[in-house]
Each structure stands twice: as structure tokens, then as C-alpha cells.
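Engineer: When you get a sec, could you build the whole thing from the sequences and use the hints?
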Amino acid sequence: AAVRVAPGMVPQALANTLWAYTSLSSLRDVILPSSYAAVWELVCNMEARDLTAEDRMMLFHSHLMHQSFLSSRAPTNISTPPWLMVEARDAWMSQSHDDVTVSRSQQELAHILDKLGVRHEVEHVTDDGYFSIDIYLPDHDIAVEFDGPSHYYSNSESSPGDGDGTTTRTAKTELRDLFLAKQ
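First residue of the sequence shown? That's -12 in the working numbering, and the numbers climb one at a time after it.
Everything labelled a hint here was simulated from the structure, so no lab data went into it. Every residue gets a Cβ at the ideal spot worked out from N, C-alpha and C, and that includes glycine. All the pointers check out, no bait thrown in.
Label-pair restraints from in silico Cβ distances:
hint, residue 1, residue 2, range
1, 157, 115, 21 to 27 Å
2, 37, 108, 35 to 41 Å
3, 170, 34, 29 to 35 Å
4, 98, 37, 45 to 51 Å
5, 84, 55, 18 to 24 Å
Structural biologist: Next comes the structure, spelled out in C-alpha cells:
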């Protein structure tokens, strides 16, 4: 069905579709559909200006997932547009570097680590520049991530973190953890 409707999709729908394909395959070992390469081909025929910054970030994230987790089991080779490694990569890296908020909890832990004499870096950017770690302990190669309520779905009427019910990590949080584990 995706091959049939994809040519009429708006850029955001194409980005959403590729992100969904790569996320499900990366996290749940769902087999990539035969339409996967065809949707990438449609994206290749677009210009970066046809997409919002959010669309470009999603496509770059899809590219990262493909390269890191799926390339050996993809049904076919995919084509990626030249702008993916320029405009889309820049949009991704901008949000990794610039859209960073240091929480009060992070600041408190950093202060405690200072008092203990533990070397650490707040909002450490990974060597590839694609991810920012809340607190990194370089002497131990340990990443500390503070996952607030936005990192979880609540499986009950209660809100995440209040101790009632259960919570499940969001796909975005699971993917971040998967990428950081490969670092």
C-alpha cells in the first residue's frame, strides 16, 4: 500500500513513514517492507528546501538508524539524497548541541560530583557529534541520563514517576539508549 500512496504523500508524511519503518525495525526487529527503498527514492527526488527542519531531522535520524542497525539486513540498498549529509545532518546536530536544557537535577548531581572530586562533563557531545549526554564520567566511560516524564508513556491513569501504575520508555528514549550503547 505504501508504494501506491507514497508518490502523493507530503514531505512530512514521507519523513514520518521512514522514521516509523526504521524505528520499528531497529527496536522491534520488524522486517523492513518492500516499499522501504521506494520511499527513500521519493525522498531523494526532493530538495532540502521542500522539508521543514523537523522533517530533515527525522530523515537524518532514519539514516542513522539505517546505517547503525539496519544496513546488513535491509532488503535492498537505499539511495539517500546529497543534502541528507549537509542540511539534514546540520539540523540534527543543531538540536543535539543547541536545544539542550540542563535540569535542576542535573545541576545538583554535577555539584555533588564536584564535591566528590569526580571528573564529569555536563551535556557532553558524543565523538560523532550526533548526541548529547546529560552527564558523562570520562574516567569511567559512563553516561548518566536524566529521564523525566517526557521520556515515558504512562500505562495507567497516574502520571509518570508518581509511583502508581507502570511506565514504558518512549521510542525516542529507547532509540537514544540504543545509540548511546553503541558509543
